[in-house]
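Model the full structure from these sequences, guided by the hints.
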Amino acid sequence: QQPVQSPQAVILREGEDAVINCSSSKALYSVHWYRQKHGEAPVFLMILLKGGEQKGHEKISASFNEKKQQSSLYLTASQLSYSGTYFCGTLGVSNYQLIWGAGTKLIIKP
Amino acid sequence: NAGVTQTPKFQVLKTGQSMTLQCAQDMNHEYMSWYRQDPGMGLRLIHYSVGAGITDQGEVPNGYNVSRSTTEDFPLRLLSAAPSQTSVYFCASSDGANEGYTFGSGTRLTVV
Chain Z
58 QQPVQSPQAV
68 ILREGEDAVI
78 NCSSSKALYS
88 VHWYRQKHGE
98 APVFLMILLK
108 GGEQKGHEKI
118 SASFNEKKQQ
128 SSLYLTASQL
138 SYSGTYFCGT
148 LGVSNYQLIW
158 GAGTKLIIKP
Chain X
696 NAGVTQTPKF
706 QVLKTGQSMT
716 LQCAQDMNHE
726 YMSWYRQDPG
736 MGLRLIHYSV
746 GAGITDQGEV
756 PNGYNVSRST
766 TEDFPLRLLS
776 AAPSQTSVYF
786 CASSDGANEG
796 YTFGSGTRLT
806 VV
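Chains as they are written, first to last, in this note's numbering: chain Z, 58 to 167; chain X, 696 to 807.
Since the hints were derived computationally from the structure, they do not count as laboratory data.
Careful, some of the hints might be misleading.
[Said to hold, decoys possible] Computed beta-carbon distance windows for the label pairs:
| # | chain 1 | residue 1 | chain 2 | residue 2 | range |
| --- | --- | --- | --- | --- | --- |
| 1 | Z | L69 | X | P734 | 23 to 31 Å |
| 2 | Z | K124 | X | V807 | 46 to 54 Å |
| 3 | Z | E123 | X | D790 | 17 to 25 Å |
[What the hints assert, rightly or not] Partial pick of chain Z residues on the chain X-facing surface, computed with a CB cut under 7 Å:
| # | residue |
| --- | --- |
| 4 | A98 |
| 5 | P99 |
| 6 | F144 |
| 7 | Y153 |
| 8 | Q154 |
| 9 | W157 |
| 10 | A159 |
| 11 | G160 |
Note that beta-carbon positions come from the ideal geometry of N, C-alpha and C, so glycine has one too.
This is the structure in structure tokens:
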């Protein structure tokens, strides 16, 4: 039931764009996106809800395809501060368990 | 606001010992969860609660107990520590199913 994230890792130059994907095999109520820096706790970026509502970071964009149970996180004009590991978390329609993907490590080089 | 406070930050236990990891939030959030994160891996849900008096098991509940007697506190009890429970433990809270989670700073636990 763990969502699948891709790619596992991305290396970018500052200013380049990246897309991180998250897919689930179960019907979803919402998809969460978080960023975690080494040695720190995850930090909330965005939540995408069934029905189209989105809440979160103004400079982050994401999409949620409810039919395919897939979400994508779009990081544009990347900055050094974007480095870290990005996790998606999925909440099913039948319970309150937020289940996490394995993460995508993003490295931004100057 | 303090947010989500976890104590202790570091702990070393001997195999077989028991202990309680404390988690408190001051945001009046109904939803609270405990996760463990092993090196290089994602978070795995141990137990969660959707309100005072209501708890349920997550993906990896064996060896752990929780209780939720107040909205603010959600302690995690390790019954008999094992080396496989060496991990970083995070507590998180949310204002509901339509909101994101705020995480505590974590407890790094080593069982020897």
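Hint check:
Checked against the given bound of 23 to 31 Å, the beta carbons of Z:L69 and X:P734, roughly 24 Å apart, stay inside it. At roughly 50 Å, the beta carbons of Z:K124 and X:V807 sit within the given window of 46 to 54 Å. Look at Z:E123 against X:D790: about 23 Å separates their beta carbons, and that is inside 17 to 25 Å. The interface hint given for Z:A98 is met, as the beta carbon of that residue sits about 4 Å from the closest beta carbon of chain X, less than 7 Å.
Annotation: interface hint on Z:P99 holds; nearest CB of chain X at approximately 5 Å, less than 7 Å. Annotation: Z:F144 was flagged as interfacial toward chain X, and the flag holds, the nearest CB pair being 6 Å apart, inside 7 Å. Checking Z:Y153 against chain X by beta carbon gives a least distance of about 5 Å; that is within 7 Å, so the hint holds. Checking Z:Q154 against chain X by beta carbon gives a least distance of about 6 Å; that is within 7 Å, so the hint holds.
Given hint, Z:W157 at the interface with chain X, holds; its Cβ is 4 Å from that chain's nearest Cβ, closer than 7 Å. Taken as an interface hint, Z:A159 checks out: its beta carbon lies about 5 Å from the nearest beta carbon of chain X, inside 7 Å. About 5 Å separates the beta-carbon of Z:G160 from the nearest beta-carbon of chain X, less than 7 Å, and the hint is met.
Violated hints for the displayed structure: none, as all numbered hints are satisfied.
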